[in-house]
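Given chain A's structure and the hints, the job is docking chain B onto it.
Protein chains in written order, with my numbering: chain A, 1 to 246; chain B, 1 to 438.
Derived by calculation from the structure, the hints in this document are not laboratory data. Heads up, the beta-carbon is just placed ideally off N, CA and C, and yes, glycines get one too. A portion of the hints provided could be inaccurate.
[As the list claims (entries may be wrong)] Pair ranges (Cβ atoms, derived):
| # | chain 1 | residue 1 | chain 2 | residue 2 | range |
| --- | --- | --- | --- | --- | --- |
| 1 | A | 225 | B | 136 | 43 to 51 Å |
| 2 | B | 49 | A | 214 | 40 to 48 Å |
| 3 | B | 239 | A | 129 | 33 to 41 Å |
| 4 | B | 251 | A | 72 | 52 to 60 Å |
| 5 | A | 69 | B | 251 | 52 to 60 Å |
| 6 | B | 119 | A | 129 | 51 to 59 Å |
[Said to hold, decoys possible] Cross-link-like lysine to aspartate or glutamate pairs, in silico, DMTMM-like; alpha carbons within 25 Å at most:
| # | chain 1 | residue 1 | chain 2 | residue 2 |
| --- | --- | --- | --- | --- |
| 7 | A | 39 | B | 21 |
| 8 | B | 246 | A | 208 |
| 9 | A | 186 | B | 251 |
| 10 | A | 216 | A | 98 |
| 11 | A | 186 | B | 21 |
| 12 | A | 217 | A | 172 |
| 13 | A | 186 | B | 23 |
| 14 | A | 124 | A | 167 |
| 15 | B | 241 | A | 25 |
| 16 | A | 39 | B | 27 |
| 17 | A | 39 | B | 65 |
| 18 | A | 186 | B | 65 |
| 19 | A | 39 | B | 292 |
| 20 | B | 243 | A | 201 |
| 21 | A | 2 | A | 34 |
| 22 | A | 39 | B | 23 |
| 23 | A | 186 | B | 27 |
| 24 | B | 299 | A | 201 |
| 25 | A | 186 | B | 292 |
| 26 | A | 124 | A | 65 |
| 27 | B | 241 | A | 201 |
| 28 | A | 186 | B | 296 |
| 29 | A | 186 | A | 60 |
| 30 | B | 243 | A | 208 |
[Stated by the list, open to error] Partial list, computed: chain B residues near chain A (C-beta under 8 Å):
| # | residue |
| --- | --- |
| 31 | 17 |
| 32 | 18 |
| 33 | 19 |
| 34 | 20 |
| 35 | 23 |
| 36 | 57 |
| 37 | 61 |
| 38 | 62 |
| 39 | 63 |
| 40 | 64 |
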Amino acid sequence: MKVVVFGGTAGIGRAVAQQLAARGDRVCLLGRNEADLAKSVADLTARHPAQAPATSAICDLEKPETFASALDAADRALDGFEAVVVTAAMFATQDALEMDVELTRRLTTANYANTVTFCEHARKRLLARGGGWLTVVSSVAGDRGRKPVAIYGSSKAGLSTYLEALDHKFREQNLWVLCVKPGFAKTGMTAGINPPPFAGEPQQVARDIVRAMDAKKPLIYTPGIWRLVMLVIRHLPRLIMRKIGF
Amino acid sequence: MSTLAGWGRLPEPGTEVLDEDLERLTEGAALTRGLGRSYGDSSLPASPGDRVAASRLATRILSFDPATGVMRAEAGLSLVDLIRLMLPRGWFPPVVPGTKYVTLGGMVASDVHGKNHHVEGCFGRHVRSLRVRLADNSIVSCDPATHADLFYGCIGGMGLLGHILEVEFVLHAVPSQWIWMERERVPDIDAYLASLERAAKTWPMTMGWIDCVNRGASMGRGVLMAGRWATREEAWAAPPKEKGDKALPVELPNWALNPVTAGLFNTAYYWMHMQRLVTKAVSPETFFFPLDAILDWNKGYGSRGFTQYQCVIPRAAGAPAVREFLDRLTTLGAASPLCVIKDCGPEGKGALSFPLEGTSIAVDMAVTADTQRVVDGLNEFLIPTGGRIYLTKDRFTRAEHFRAMEPRLPAFEALRAKWDPQRRLRSAQSRRLFGDKT
Numbered sequence: 001m002k003v004v005v006f007g008g009t010a011g012i013g014r015a016v017a018q019q020l021a022a023r024g025d026r027v028c029l030l031g032r033n034e035a036d037l038a039k040s041v042a043d044l045t046a047r048h049p050a051q052a053p054a055t056s057a058i059c060d061l062e063k064p065e066t067f068a069s070a071l072d073a074a075d076r077a078l079d080g081f082e083a084v085v086v087t088a089a090m091f092a093t094q095d096a097l098e099m100d101v102e103l104t105r106r107l108t109t110a111n112y113a114n115t116v117t118f119c120e121h122a123r124k125r126l127l128a129r130g131g132g133w134l135t136v137v138s139s140v141a142g143d144r145g146r147k148p149v150a151i152y153g154s155s156k157a158g159l160s161t162y163l164e165a166l167d168h169k170f171r172e173q174n175l176w177v178l179c180v181k182p183g184f185a186k187t188g189m190t191a192g193i194n195p196p197p198f199a200g201e202p203q204q205v206a207r208d209i210v211r212a213m214d215a216k217k218p219l220i221y222t223p224g225i226w227r228l229v230m231l232v233i234r235h236l237p238r239l240i241m242r243k244i245g246f
Numbered sequence: 001m002s003t004l005a006g007w008g009r010l011p012e013p014g015t016e017v018l019d020e021d022l023e024r025l026t027e028g029a030a031l032t033r034g035l036g037r038s039y040g041d042s043s044l045p046a047s048p049g050d051r052v053a054a055s056r057l058a059t060r061i062l063s064f065d066p067a068t069g070v071m072r073a074e075a076g077l078s079l080v081d082l083i084r085l086m087l088p089r090g091w092f093p094p095v096v097p098g099t100k101y102v103t104l105g106g107m108v109a110s111d112v113h114g115k116n117h118h119v120e121g122c123f124g125r126h127v128r129s130l131r132v133r134l135a136d137n138s139i140v141s142c143d144p145a146t147h148a149d150l151f152y153g154c155i156g157g158m159g160l161l162g163h164i165l166e167v168e169f170v171l172h173a174v175p176s177q178w179i180w181m182e183r184e185r186v187p188d189i190d191a192y193l194a195s196l197e198r199a200a201k202t203w204p205m206t207m208g209w210i211d212c213v214n215r216g217a218s219m220g221r222g223v224l225m226a227g228r229w230a231t232r233e234e235a236w237a238a239p240p241k242e243k244g245d246k247a248l249p250v251e252l253p254n255w256a257l258n259p260v261t262a263g264l265f266n267t268a269y270y271w272m273h274m275q276r277l278v279t280k281a282v283s284p285e286t287f288f289f290p291l292d293a294i295l296d297w298n299k300g301y302g303s304r305g306f307t308q309y310q311c312v313i314p315r316a317a318g319a320p321a322v323r324e325f326l327d328r329l330t331t332l333g334a335a336s337p338l339c340v341i342k343d344c345g346p347e348g349k350g351a352l353s354f355p356l357e358g359t360s361i362a363v364d365m366a367v368t369a370d371t372q373r374v375v376d377g378l379n380e381f382l383i384p385t386g387g388r389i390y391l392t393k394d395r396f397t398r399a400e401h402f403r404a405m406e407p408r409l410p411a412f413e414a415l416r417a418k419w420d421p422q423r424r425l426r427s428a429q430s431r432r433l434f435g436d437k438t
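Excised from the complex, chain A in its bound form (with noise of 0.2 Å):
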């Protein structure tokens, strides 16, 4: 397969490209800084000598401008790309949220506005070509307004009904559109976090997603333990939910 991986220097997004890679798929890295590109291109080529280098381009979820071009360079590199995976995102607390505005707008512009805009180059390219898989790192901080992550949350729940819409639309022409739903990541975005029960490892995260994509899946929690915490979350009535603190 050849993958483009926006956000694949760091996290989930770098564990989604070790993965493929050391199984022989070809990687196209999009991020913002050029330096941390070229050491996480030296990383898999390193890791993967046998295997046709990856390469990068860049990209910054901030800046739109940026995506049709980051996208453009990363087919050239693969020779036509049959899969694009989202793992870029921001992250703030709910506290430094609120007191920062800016830092609102910021956060939510590049987690909706900007991840749809990005997907909707991707989903174009991949439908012109015939189809392909397109899949983007949502979080279950979406399925369910919740104090802790208002929202950071409100910004994955539109990003969300997004993917599924677009998976009902366009997986008649063989567009496998996958959200990701992980509950708690240890990586270097939710730092500064106490990880809740069943937070998972990167590299964990990262295996359930390449499964998924395999089985082109519309949907999946990771750890796999989410579905049903996340089953008795989005049915707690409104009363409970206002009380707790979860």
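Okay, now just chain B, sitting in the frame of chain A:
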């Protein structure tokens, strides 16, 4: 209040910060920690407010040259990741400690040694260059030619001279993915030490386990293992299977490990090796990292936590000193289910690197009200022999005892005075042993 703990599970108040970007992470940090496998307090903060950088997400390999075996990688790369990747390609680190759940940075800071110390020295001997963030927040590269004092100070320096960001080191080409091992059951401590000396002459890797609970004639009976990389002819055709390591699902109750069960365990382990001499090809996992087969085995000691006393007794003090040490251990009443003895070669260049020519003894102990007395007693015996303890395992040694056993300490303090005059880099261990103020 959140806490951090080492492998011995005795906590200190504090939190760690985590990120893939180790450069950003170490800015203003007092300490970097890897996978937290040092037993005592070397990876714990001196003060709860200290910034502790967790390096375990900085795992990128930056270059590897198959012509020379030289690899450069970020300091958070783990040995388990490295071996999984490189052994199938015919490469292995020249020195590995007894667990694969350590980072490169930790291997440098502890200057880890392995079963081949008498041949290959410590890991630090195979390091070419380091990229380090200093206490003043600048970043420098050092190697044996540039800032040599800093370079050797970081090797075995317990993270107190700088935050290790990148490590360049050499991997060795190995002829197969298997270890050719000889295992011998030995009836008592004298026979054990004689066998150990004999084995070291012909085998590049040696180590062994002895029974230090049961007394009398069977004191120090044990199982000695020697090994080398198997040739292609000796090795099994298939590569070793990757075993899913089993985790200890629950913390055992504190009473589970007591002198009686420790004695039973030792007797059982000894007689498990019915055949006196076994020679066969085993996987590197089994040979180098037997305890890793049970993840979280440290929970076996219960909520009280545990410590390991590891020391090296100089060759000059000889076998009588080793025997006396074991006597002292049983007299002090330390029932250790696990006692490991091996040979060490000459001292390396690392600032506070542990090994010196002699016999290394490591004993695990559950932490009780008595632990301080036991460690004091062992240290009081150790100091006149000219031996020393391994900081990476230590939690209970007193500052005055450490000073008495470590002639290199003034030189190390001078290094700190040069590279970190304010002693911004510190750990709970440096607070305890070097008197760092908080």
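Of all the hints given earlier, name the ones this structure violates by number, lowest first.
10, 18, 19, 35
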